[in-house]
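Peer 1: Residue numbers (UniProt numbering), protein chains in the order written: chain A, 1 to 368; chain B, 1 to 368.
These are computed hints drawn from the structure, not numbers from a lab.
Mixed in with the good hints, there may be bad ones.
Treat identical chains as interchangeable: a pair holds within one or across any two.
To be verified - Pairs of lysine-lysine residues, derived as DSS-like cross-links and limited to a Cα-Cα distance of at most 30 Å, are as follows:
1) K103 with K299
2) K238 with K103
3) K40 with K157
4) K299 with K40
5) K325 with K94
6) K103 with K325
Given next are the chains, with one letter for each unit.
There are 2 protein chains.
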Amino acid sequence: MGEHRTLTVQLGERSYPIYIGEGLIDQAGQRFIEHGISSKSPIMIVTDEHVAVQQHLVRLESVLKQAGFTVSSAVVPAGETSKSLAVFEELVTKALQAGLDRKSTIVALGGGVVGDLAGFVAASYMRGIRFVQVPTTILAHDSSVGGKVAVNHPLAKNIIGAFHQPEMVLYDLSTLQTLPQRQVRAGLSEVVKHGLIWDAEFVAWCDENADRLQALDSDALGYALFKGCSVKAAVVSKDERENDLRAILNLGHTIGHALEAVAGYNQLLHGEAISIGMVGAARLAVKLGAPEQVYTVTKHVLSRVGLPVRLPEELDTDLIMDAMKHDKKFQEGSMTFIVPVAIGEVEINHTVSASLVREIVEELKQEA
Amino acid sequence: MGEHRTLTVQLGERSYPIYIGEGLIDQAGQRFIEHGISSKSPIMIVTDEHVAVQQHLVRLESVLKQAGFTVSSAVVPAGETSKSLAVFEELVTKALQAGLDRKSTIVALGGGVVGDLAGFVAASYMRGIRFVQVPTTILAHDSSVGGKVAVNHPLAKNIIGAFHQPEMVLYDLSTLQTLPQRQVRAGLSEVVKHGLIWDAEFVAWCDENADRLQALDSDALGYALFKGCSVKAAVVSKDERENDLRAILNLGHTIGHALEAVAGYNQLLHGEAISIGMVGAARLAVKLGAPEQVYTVTKHVLSRVGLPVRLPEELDTDLIMDAMKHDKKFQEGSMTFIVPVAIGEVEINHTVSASLVREIVEELKQEA
Ligand SMILES: NC(=O)c1ccc[n+]([C@@H]2O[C@H](COP(=O)([O-])OP(=O)(O)OC[C@H]3O[C@@H](n4cnc5c(N)ncnc54)[C@H](O)[C@@H]3O)[C@@H](O)[C@H]2O)c1
Ligand SMILES: NC(=O)c1ccc[n+]([C@@H]2O[C@H](COP(=O)([O-])OP(=O)(O)OC[C@H]3O[C@@H](n4cnc5c(N)ncnc54)[C@H](O)[C@@H]3O)[C@@H](O)[C@H]2O)c1
Ligand SMILES: [Zn+2]
Ligand SMILES: [Zn+2]
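Modelling step: build the complete structure from the supplied sequences, incorporating the hints.
Peer 2: Written out as structure tokens, the structure reads:
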């Protein structure tokens, strides 16, 4: 069982705790009551088919029912396509049919897809009701903290959404045991990112504990997710609505998003794409004057947790460049990039030339 | 031309002004610039076909273009059916195609339908961009102030939405000249409501100026909308997210919503339904001990502005009662009602018995 860790996302009256530990789902009823979630109004759990099949849903449902809550569940198809207005509308229908009212709570049990989708339902149902995040992927340590919720539009990802902070995040490490290996590694990509932008010591720790992390060792995972969530929480506390600082969370994402778009969303997982993107950002950093080890350490630690660091040669450089130009960070020949200046420290550079980025993309294809 | 009036909705950092006067659309460019709306990012005007055909759209477009803004327009079908997720999605598509970014502004030019719909697009596009209300109906003095924005779901009105305050409200009285008479009267219903809940003197003024109001006399309208907006703004300032006080704005709406549902949404306009509902609330008040004149004055002033005060006999009482039971204000045999205790003063009564309400519904059919 082991101890659990708690940390708080400081956002004034919207502050909330993140609990991280083994078996926390079994304490969900008690936590809900502690947080003043009323059992007079029905609760709806949203999850996806992969999670539902793993008994995590049954556990959560039964513990909440035992605690006196009226619970219904909605299971959506697994995968990014569920982050659509169509599935959103179905969930609103289910919420209405289950009688959810202004005092009701929506619980997101799943990865980032379920969290973003269910979160947007909670943000807009009756103009906003409460919601709780129960993340079941490693990547969701990122998506469940910070209050960004959204669905996709056929023309653009995450374009329809809100800022809607959860009441709490209940991170039960035992759910991660059923996660496919590739998803484990993809999630570790954002964990390492949080180290790279904020905490050099933690980057070293990730390197040393890479094997334990990939093996889903509970102590290592608990610590890594605690650190990752801490960085995210610290950044979000200082800049809830992404006016400035929050942009640093996009390390590796300018190239990463372009790779996802060009490769097609299923060939390259988000975490894999931004792993390559972070190596690119580190290469760029060195060209702009950062010490060589920014690049070597970045590449080394990402490889250690099993992530790709080389850009697949078959992806066309022109297409990658075009995809970046559609990104709003691009303006008249120069782009905005999050650039590491040292391990654990980044800056926002608004004047990176497109031709330099092209050079980097080419080099990333040669990465050893 | 005449002077214009200004009032401020006090909401801390979300405070904003309401400008009311003749010809304000002609000053839109200058106002936008004053309010820091950037001409670097494209603006999108949302309106409906009835408004578009009246030249109000052409005026607004051209004045904004003259002021240096990049402007596109989206025209939706007139009527409540446009407040749907489908039309919402189309507007997001148009916003993407027009290149709207995080610094862009959406302008709602129209009645409550356009305001609610465009407002929800603004609330959720890229997790929230700025928006400006340019109301063109009398009813919209109500809907454009307070930040409630929403679309409908086939099973429930206004169920998908947000609180999203505009940057400003620009109320150009000249647009009201093209409004059909029936819409004029329906809008006056909410004007009178604002007097009934808050300001006895203003109720007397409405009585004295009823003819000028129906004739769309600009001075009378300007004053009435200023007073109506002032009451709405005062209530909203004290309770932005409808925790308690804001409920008083629902005077007449418990019965009114039921009548709309039973009559079908096109037979009885919202303002007409709540006129009858307010007479019902006044009848109820007298039964609960308020002075007789609460009823006589309410009924008199509503008749004076040309509104129905009698419930159409063909509407079935059982169906009306059922519709109220689906309303969330109903709990185990007793209902929540906004009850006038005097002209200009209401209270929230949570224990009105359903049988008393049924009595009132029957009596409303006999109203002289
Ligand atoms: N809101 C934010 O701030 C934010 C930040 C980062 C990413 N995101 C979003 O997060 C999404 C990606 O999140 P994700 O990687 O968690 O994707 P995901 O939710 O699709 O989960 C990945 C896969 O793992 C499966 N799965 C989840 N938990 C499982 C478990 N315990 N056992 C077995 N299988 C399980 C899912 O069904 C899915 O097939 C993207 O839509 C992205 O836009 C949001
Ligand atoms: N958000 C809120 O707080 C709030 C409050 C009250 C009502 N509402 C909403 O407002 C809506 C009703 O508003 P409404 O009564 O303004 O309806 P509306 O927007 O449908 O306008 C009524 C009719 O008048 C037409 N019209 C509008 N301006 C015109 C003009 N200047 N000249 C000619 N025709 C014109 C419209 O095309 C429409 O046919 C409802 O959807 C209701 O839910 C919202
Ligand atoms: Zn990411
Ligand atoms: Zn109303």
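Peer 1: Taking the hints in turn, state whether each one holds.
Peer 2: Hints, one by one, checked against the model:
For the identical chains of this complex, K103 and K299 are neighbours neither inside a copy (48 Å) nor across copies (36 Å), given an alpha-carbon limit of 30 Å. In this assembly of identical chains, K238 and K103 lie within 30 Å of each other by CA distance both inside one copy and across copies; the values are 29 Å within and 21 Å between. Proximity of K40 to K157 under the C-alpha cut-off of 30 Å is restricted to the inter-copy arrangement: shortest distance 23 Å between copies versus 36 Å within a copy. For a Cα distance limit of 30 Å, the shortest separation of K299 from K40 qualifies neither inside one copy, at 52 Å, nor across copies, at 39 Å.
Taking CA atoms no more than 30 Å apart as the test, K325 paired with K94 passes between copies only; the shortest distance there is 20 Å, against 40 Å inside one copy. Taking the closest pair of Cα atoms, K103 and K325 come within 30 Å of each other only across two copies (18 Å); inside a single copy the shortest separation is 44 Å, beyond that limit.
The earlier numbered hints that this structure contradicts are 1, 4.
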